[in-house]
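**Student:** Could you build all of it, start to finish, from the sequences and the hints given here?
Sequences listed follow chains A and B, in order.
Letter by letter, the first sequence follows residues 0 to 372 in numbering that gives the first Met the number 0.
Letter by letter, the second sequence follows residues 0 to 463 in numbering that gives the first Met the number 0.
To be clear, the hints were calculated from the coordinates, so they are not data collected in a lab.
Take these hints with a grain of salt, some might be off.
[Unchecked claim] The calculated lysine-lysine pairs, modelled on BS3-like cross-linking and capped at a C-alpha distance of 30 Å, are:
#1 A:K371 with B:K310
#2 B:K459 with B:K404
#3 A:K19 with B:K324
#4 B:K91 with B:K414
#5 B:K145 with B:K183
#6 A:K289 with A:K110
#7 A:K289 with B:K145
#8 B:K228 with B:K167
#9 A:K294 with B:K40
#10 A:K371 with B:K31
#11 B:K84 with B:K414
#12 B:K145 with A:K294
#13 B:K286 with B:K310
#14 A:K289 with B:K40
#15 B:K408 with B:K31
#16 B:K414 with B:K82
#17 B:K404 with B:K79
#18 B:K408 with B:K95
#19 B:K208 with B:K31
#20 B:K251 with A:K19
#21 B:K167 with B:K334
#22 A:K371 with A:K195
#23 B:K88 with B:K228
#24 B:K82 with B:K286
#25 B:K334 with A:K19
#26 B:K84 with B:K408
#27 B:K31 with B:K459
[Claimed, not checked] Coverage of chain A stretches by chain B, computed from C-beta distances (three or more under 8 Å per stretch; other residues unrestricted):
#28 23-33
#29 55-61
#30 211-223
#31 336-346
[Said to hold, decoys possible] Just a few of them, taken from the derived set where beta-carbon distance is under 8 Å, the chain A residues facing chain B:
#32 R51
#33 Y73
#34 A117
#35 P188
Where is the CB? At the ideal position from N, CA and C, for every residue including glycine.
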Amino acid sequence: MQTIEILNLDTNTSEQQALKPLEQARRQLEICNACRYCETYCSVFPAVHRERSFSDENLKQLANLCHNCRGCYYACQYTAPHEFDLNLPQALAKVRQESWQDNAYPAAFAKAFHKSGAAIGAAVIVGFAALLWLIQLMGTHSTTDSQANFYDLLSHNLMVALFMPAFLLPLVSIAFSVRRFWQDIDAEPLRLIHIKGAFASAAKMKNLAAGHGEGCNYEDEDRFSQARRYFHQATMYGFLLCFAATSTATLMHYLLAMAAPYDLTSLPKILGIIGGISLSIGTAGLAYLKLEADKSLGDTQVWGGEMAFVLLLFFVSTSGLALYWFGQSPWLGELLALHLGCVLAFFLLMPYSKMTHGFYRLAALIKEEQNKV
Amino acid sequence: MKKINNIYDTLVIGGGNAALCAAITAAEAGLKVLILEGAPKPYRGGNSRHTRNFRCMHPAPKAVLTDSYTEEEYFDDLLKVTKGKTDEKLAKLVIKNTHECYDWMQNHGVRFQPSLSGTLSLSRTNAFFMGGGKSLVNAYYRQLEKLDVDVLYEAQVTHLDLQGNHIKSVTFHYQDEVRKLSSKTVIVASGGFQADIDWLARAWGPAAKNFLIRGTPYNKGVVLANLLKQGATSVGDPTQCHAVAIDGRSPKYDGGIVTRLDCVPFSVVVNQNSQRFYDEGEDVWPKRYAIWGRLVADQPDQVAYAIIDAKSLDLFMPSVFPPIKADSLEELALKMGLEPNALTQTIHGFNASCRTGKFHPTELDGLATQGLTPAKTNWARPIDTPPFYGYSLRTGVTFTYLGLKVDDKAQVQGKDGPIINLWAAGETMAGSILGQGYLAGFGMAIGTVFGRIAGQEVAKYANH
Ligand SMILES: Cc1cc2nc3c(=O)[nH]c(=O)nc-3n(C[C@H](O)[C@H](O)[C@H](O)COP(=O)(O)OP(=O)(O)OC[C@H]3O[C@@H](n4cnc5c(N)ncnc54)[C@H](O)[C@@H]3O)c2cc1C
Ligand code: SF4
Ligand code: SF4
Numbered sequence: 000m001q002t003i004e005i006l007n008l009d010t011n012t013s014e015q016q017a018l019k020p021l022e023q024a025r026r027q028l029e030i031c032n033a034c035r036y037c038e039t040y041c042s043v044f045p046a047v048h049r050e051r052s053f054s055d056e057n058l059k060q061l062a063n064l065c066h067n068c069r070g071c072y073y074a075c076q077y078t079a080p081h082e083f084d085l086n087l088p089q090a091l092a093k094v095r096q097e098s099w100q101d102n103a104y105p106a107a108f109a110k111a112f113h114k115s116g117a118a119i120g121a122a123v124i125v126g127f128a129a130l131l132w133l134i135q136l137m138g139t140h141s142t143t144d145s146q147a148n149f150y151d152l153l154s155h156n157l158m159v160a161l162f163m164p165a166f167l168l169p170l171v172s173i174a175f176s177v178r179r180f181w182q183d184i185d186a187e188p189l190r191l192i193h194i195k196g197a198f199a200s201a202a203k204m205k206n207l208a209a210g211h212g213e214g215c216n217y218e219d220e221d222r223f224s225q226a227r228r229y230f231h232q233a234t235m236y237g238f239l240l241c242f243a244a245t246s247t248a249t250l251m252h253y254l255l256a257m258a259a260p261y262d263l264t265s266l267p268k269i270l271g272i273i274g275g276i277s278l279s280i281g282t283a284g285l286a287y288l289k290l291e292a293d294k295s296l297g298d299t300q301v302w303g304g305e306m307a308f309v310l311l312l313f314f315v316s317t318s319g320l321a322l323y324w325f326g327q328s329p330w331l332g333e334l335l336a337l338h339l340g341c342v343l344a345f346f347l348l349m350p351y352s353k354m355t356h357g358f359y360r361l362a363a364l365i366k367e368e369q370n371k372v
Numbered sequence: 000m001k002k003i004n005n006i007y008d009t010l011v012i013g014g015g016n017a018a019l020c021a022a023i024t025a026a027e028a029g030l031k032v033l034i035l036e037g038a039p040k041p042y043r044g045g046n047s048r049h050t051r052n053f054r055c056m057h058p059a060p061k062a063v064l065t066d067s068y069t070e071e072e073y074f075d076d077l078l079k080v081t082k083g084k085t086d087e088k089l090a091k092l093v094i095k096n097t098h099e100c101y102d103w104m105q106n107h108g109v110r111f112q113p114s115l116s117g118t119l120s121l122s123r124t125n126a127f128f129m130g131g132g133k134s135l136v137n138a139y140y141r142q143l144e145k146l147d148v149d150v151l152y153e154a155q156v157t158h159l160d161l162q163g164n165h166i167k168s169v170t171f172h173y174q175d176e177v178r179k180l181s182s183k184t185v186i187v188a189s190g191g192f193q194a195d196i197d198w199l200a201r202a203w204g205p206a207a208k209n210f211l212i213r214g215t216p217y218n219k220g221v222v223l224a225n226l227l228k229q230g231a232t233s234v235g236d237p238t239q240c241h242a243v244a245i246d247g248r249s250p251k252y253d254g255g256i257v258t259r260l261d262c263v264p265f266s267v268v269v270n271q272n273s274q275r276f277y278d279e280g281e282d283v284w285p286k287r288y289a290i291w292g293r294l295v296a297d298q299p300d301q302v303a304y305a306i307i308d309a310k311s312l313d314l315f316m317p318s319v320f321p322p323i324k325a326d327s328l329e330e331l332a333l334k335m336g337l338e339p340n341a342l343t344q345t346i347h348g349f350n351a352s353c354r355t356g357k358f359h360p361t362e363l364d365g366l367a368t369q370g371l372t373p374a375k376t377n378w379a380r381p382i383d384t385p386p387f388y389g390y391s392l393r394t395g396v397t398f399t400y401l402g403l404k405v406d407d408k409a410q411v412q413g414k415d416g417p418i419i420n421l422w423a424a425g426e427t428m429a430g431s432i433l434g435q436g437y438l439a440g441f442g443m444a445i446g447t448v449f450g451r452i453a454g455q456e457v458a459k460y461a462n463h
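**Tutor:** Below you can see the structure in the form of structure tokens.
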């Protein structure tokens with residue numbers, strides 16, 4: 000009788016594993032370029048097939064076009080234990096991370112916060128403690144006073160003085176980083192038509208649907224599912240609504256001299272509550288999917304940091320909602336400190352966390368539109 | 000672990016396209032089905048994992064397929080490549096059914112995409128699988144889950160007990176034990192024997208030891224041999240296999256599509272002794288790539304070397320490994336293990352016989368050598384612009400032709416008429432339809448059509 004030797008089921012030659020992220024991605028994309036089976040999964044592949052060889056700049060742009068849907072992993076006939084050892088979602092995730100971290104100001108912060116959930120947790124605790132201390136120091140009412148309004152605890156001016164720079168400085172930092180990335184990937188000057196094309200695909204999260212519109216291979220191996228797309232939509236639009244709520248409140252305060260608190264039918268409240276609920280559901284869903292998904296198809300080194308960041312966003316929105324509902328409770332002071340502490344940590348961490356991915360992705364999409372014409 | 004017992008209406012041997020189509024069809028007809036897949040889960044799906052498209056007849060434009068592709072044209076194309084060695088009735092049965100298969104496949108989770116970049120010539124005739132064959136295989140396994148079909152991986156079938164015209168039991172290895180199951184019906188869909196190099200060497204000669212196997216290492220023809228030994232009727236030339244020239248550095252097994260090399264028409268191809276042996280520019284590459292497998296197999300040590308220069312590097316699809324690169328022909332020869340003087344002589348001789356004329360990479364341009372044997376009849380440009388590039392070529396076996404003879408109901412034929420509870424589908428019976436040659440996308444067409452027929456027939460038999 001013939002026996003059939005089982006192929007080397009645990010290959011992963013250490014030589015290939017030792018490659019640096021850019022080299023690893025290059026090795027794998029050269030295989031993809033000879034194969035092309037995944038051509039219509041996402042915008043990465045058509046961009047790959049335009050090239051014959053891949054410069055570092057190419058690779059960084061391609062990596063930021065990938066949204067880690069994993070379709071190309073489960074469809075690939077060359078994944079481990081095959082000796083070609085394809086794991087494109089992971090290879091691109093690593094290059095992507097590297098591009099975010101290397102371009103961040105200061106890069107050392109990015110390296111710490113991207114990787115470490117604990118560091119993000121610590122930032123939140125510091126934020127919370129600082130706010131609690133401020134409230135106790137400045138508040139005109141004691142925090143146990145049940146009639147308190149939050150401007151009594153922390154005056155509007157103080158909030159603005161604290162949060163304006165905490166919001167704007169990180170944005171400036173991101174702007175610098177993305178500009179550096181922009182130069183890095185050799186992009187041309189911005190033109191409206193490219194921006195329009197890029198926004199169109201970002202707004203619909205077109206790529207999150209995959210070429211056949213059935214979504215990602217995320218939480219259950221090769222089963223296609225829209226869950227990640229929908230939770231991500233909920234997160235992004237929820238975030239934008241919350242942002243709109245804060246902006247309208249600021250405008251009402253300064254332009255119309257209408258001070259908070261606003262009633263339930265006012266614009267800031269409506270936007271804020273819908274946005275907050277959407278953001279809470281979205282982030283909870285994303286965190287759940289992340290637990291279900293196979294870690295080894297992403298950059299395992301940053302799993303903790305990414306998870307902590309999703310949870311931080313969840314706390315931002317949920318503590319915000321709690322403020323609406325428990326605004327009259329004796330815990331107002333603590334709740335306010337928790338919410339503002341989370342918001343503060345979130346703002347300050349923006350340049351050093353997953354939050355930057357949107358900016359980089361947009362840049363990569365615009366560059367892609369430029370390449371197409 | 001699943002209890003394995005005799006509750007099944009049908010046992011399906013194999014876990015590739017044909018097996019899956021058969022299992023889905025049988026289960027949808029209400030049968031209790033068990034799949035015995037010899038490969039471990041990561042390698043499930045046999046050669047079907049490596050495929051990219053299937054050839055589909057269509058009277059009018061259909062989704063990703065442009066224009067029309069009629070039954071007659073399809074059949075003519077088949078006759079051309081098989082030089083008439085075609086079973087007309089079975090071939091037409093497959094061709095007719097491909098049209099309906101497209102929708103069936105889509106309804107069972109397969110997604111199609113327009114023909115891939117670099118394969119425009121197939122956009123009318125072949126529907127490409129989005130994500131390739133492995134995603135098709137995955138989609139079908141998902142269907143099986145829904146239909147409650149049991150699947151055993153690493154379950155290698157070694158023996159079918161044929162008594163008279165009836166299969167009594169199926170013996171297989173599973174988790175270090177020998178097991179035996181009986182069921183009303185059995186479907187064989189375990190592919191060809193190309194991964195058994197000893198068998199290839201017996202059929203082809205010792206040269207086969209140096210062949211590379213493009214697909215799965217698990218198709219060793221164990222079930223095929225077992226049935227033929229017990230008197231099942233065979234079809235197809237036992238000494239032949241479909242072979243192409245692929246990158247000589249490819250893995251021994253399972254290199255798949257990426258090891259393909261399309262550079263030959265723009266190159267000079269020499270053997271180990273740096274001698275040319277065939278017209279590299281005879282025809283466009285898709286029409287010639289199959290004969291190069293044989294040509295290389297006839298050279299010493301079954302290896303050849305394709306040499307190009309900087310002018311031609313971008314004229315063909317990139318392949319899995321970068322070419323060997325050198326600034327001079329001598330250096331290239333050394334890097335590739337050829338004798339530098341011999342190689343330069345051959346190339347200089349070739350260059351001297353090139354004439355001026357219009358070079359057209361995408362059509363037969365008639366730019367031929369003069370006074371050279373063998374001649375290069377198209378695309379003959381001197382190899383003179385450094386850097387020079389070289390690829391080694393070896394013979395890569397796609398599949399074997401020897402198979403089980405079946406009728407139009409996919410029923411396996413024994414010594415004295417049909418074996419009444421045994422059906423076959425896919426590669427293992429493809430010899431019943433085409434005796435030589437190959438038409439891109441026809442393997443998956445045969446597997447899908449005959450897999451579904453086998454599924455329907457077992458259901459009829461088991462339910463009667
Ligand atoms: C690189 C490559 C590319 C190809 N591209 C195309 C293409 O684009 N289009 C096309 O139409 N055709 C293509 N072909 C041909 C195509 O792969 C086959 O025609 C088709 O896959 C055959 O399907 P099958 O189900 O009969 O066999 P397979 O898919 O090979 O399945 C055979 C199954 O049987 C199992 N098996 C084997 N022995 C045993 C045993 N003793 N016990 C249990 N299980 C066993 C194997 O593990 C495997 O799962 C290609 C082939 C190769 C090698
Ligand atoms: S991921 Fe795998 S199947 Fe997809 S294009 Fe790359 S090599 Fe081919
Ligand atoms: S993981 Fe998804 S988005 Fe990323 S390259 Fe693969 S298919 Fe494209």
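**Student:** Now look at each hint and say whether the structure bears it out.
**Tutor:** Here is what the structure says about each hint:
Distance hint between K371 of chain A and K310 of chain B is fulfilled; the C-alpha atoms sit about 26 Å from each other, no more than 30 Å. Our distance criterion of 30 Å between C-alpha atoms is met by K459 of chain B and K404 of chain B, whose separation comes to about 21 Å. Between K19 of chain A and K324 of chain B the CA atoms are separated by roughly 24 Å; this keeps the pair inside 30 Å, and the hint holds. Distance restraint check for K91 of chain B and K414 of chain B: the Cα-Cα separation of roughly 26 Å lies within the 30 Å cut-off, and the hinted pair is therefore satisfied.
Simply put, K145 of chain B and K183 of chain B have alpha-carbon atoms about 23 Å apart, close enough for the 30 Å limit, and the pair holds. Distance hint between K289 of chain A and K110 of chain A is fulfilled; the C-alpha atoms sit about 21 Å from each other, no more than 30 Å. Between K289 of chain A and K145 of chain B the alpha-carbon distance is near 25 Å, which keeps this suggested pair within the 30 Å criterion. With a CA separation close to 16 Å, the supplied pair K228 of chain B and K167 of chain B stays within the 30 Å bound.
At roughly 20 Å between alpha-carbon atoms, K294 of chain A and K40 of chain B fall within 30 Å of each other, so this suggested pair holds. Between K371 of chain A and K31 of chain B, the direct Cα distance comes to roughly 52 Å. Violation of the 30 Å bound is thereby established for this hinted pair. For a cut-off of 30 Å, the pair hint linking K84 of chain B to K414 of chain B stands: about 23 Å separates their Cα positions. The straight-line distance between the Cα atoms of K145 of chain B and K294 of chain A is roughly 26 Å, inside the 30 Å bound, and the hint therefore holds.
A C-alpha spacing of about 23 Å is found between K286 of chain B and K310 of chain B, which places the hinted pair at or below 30 Å, so the restraint holds. At most 30 Å may separate the alpha-carbon atoms for a hinted pair to count; K289 of chain A and K40 of chain B meet this at roughly 24 Å. Straight-line distance between C-alpha atoms of K408 of chain B and K31 of chain B comes to about 21 Å, which keeps the hinted pair within the 30 Å bound. As the CA atoms of K414 of chain B and K82 of chain B are separated by approximately 28 Å, the hinted pair is consistent with the 30 Å bound.
Restraint check: the Cα-Cα separation between K404 of chain B and K79 of chain B comes to about 22 Å, which is no more than 30 Å; the hinted pair holds. Between K408 of chain B and K95 of chain B, the direct Cα distance comes to roughly 15 Å. Compliance with the 30 Å bound is thereby established for this hinted pair. Restraint check for K208 of chain B and K31 of chain B: the C-alpha separation of about 42 Å exceeds 30 Å, so the hint is violated. For the given pair, K251 of chain B sits about 27 Å from K19 of chain A by alpha-carbon distance, which is consistent with the 30 Å threshold.
Distance restraint check for K167 of chain B and K334 of chain B: the Cα-Cα separation of roughly 58 Å exceeds the 30 Å cut-off, and the hinted pair is therefore not satisfied. For the hint linking K371 of chain A to K195 of chain A, the alpha-carbon distance of about 14 Å falls within 30 Å, and the restraint holds. For the hint pairing K88 of chain B with K228 of chain B, the CA-to-CA distance comes to about 27 Å; that is within 30 Å, so the pair holds. Proximity of K82 of chain B to K286 of chain B is assessed by CA-CA distance (about 14 Å); at most 30 Å being required, the pair is judged to hold.
The hinted pair formed by K334 of chain B and K19 of chain A meets the criterion: a straight-line CA distance of about 27 Å does not exceed 30 Å. For a cut-off of 30 Å, the pair hint linking K84 of chain B to K408 of chain B stands: about 21 Å separates their Cα positions. For the given pair, K31 of chain B sits about 13 Å from K459 of chain B by alpha-carbon distance, which is consistent with the 30 Å threshold. Coverage of a stretch by a chain is defined here by at least three residues with a beta carbon nearer than 8 Å to that chain's beta carbons; for the segment 23-33 of chain A and chain B the count is 4, and the condition holds.
Counting residues of the segment 55-61 of chain A whose CB lies closer than 8 Å to any CB of chain B gives 0, which falls below the minimum of 3, so the coverage claim is violated. Coverage of the segment 211-223 of chain A by chain B holds. Counting CB-CB distances below 8 Å, 4 residues qualify, and the rule asks for three or more. Coverage of the segment 336-346 of chain A by chain B is violated in this model, with 0 residues showing a Cβ closer than 8 Å to a Cβ of that chain against a need of three. A hinted interface residue such as R51 of chain A counts as satisfied when its beta carbon comes closer than 8 Å to some beta carbon of chain B; here the least separation is about 6 Å, so the hint holds.
Against a cut-off of 8 Å between C-beta atoms, the interface hint on Y73 of chain A holds, since the closest Cβ of chain B lies about 6 Å away. Taking 8 Å as the C-beta cut-off, the interface hint given for A117 of chain A is violated, the closest approach to chain B being about 35 Å. For P188 of chain A, the suggested interface contact is broken, since its CB lies about 29 Å from the closest CB of chain B, more than 8 Å.
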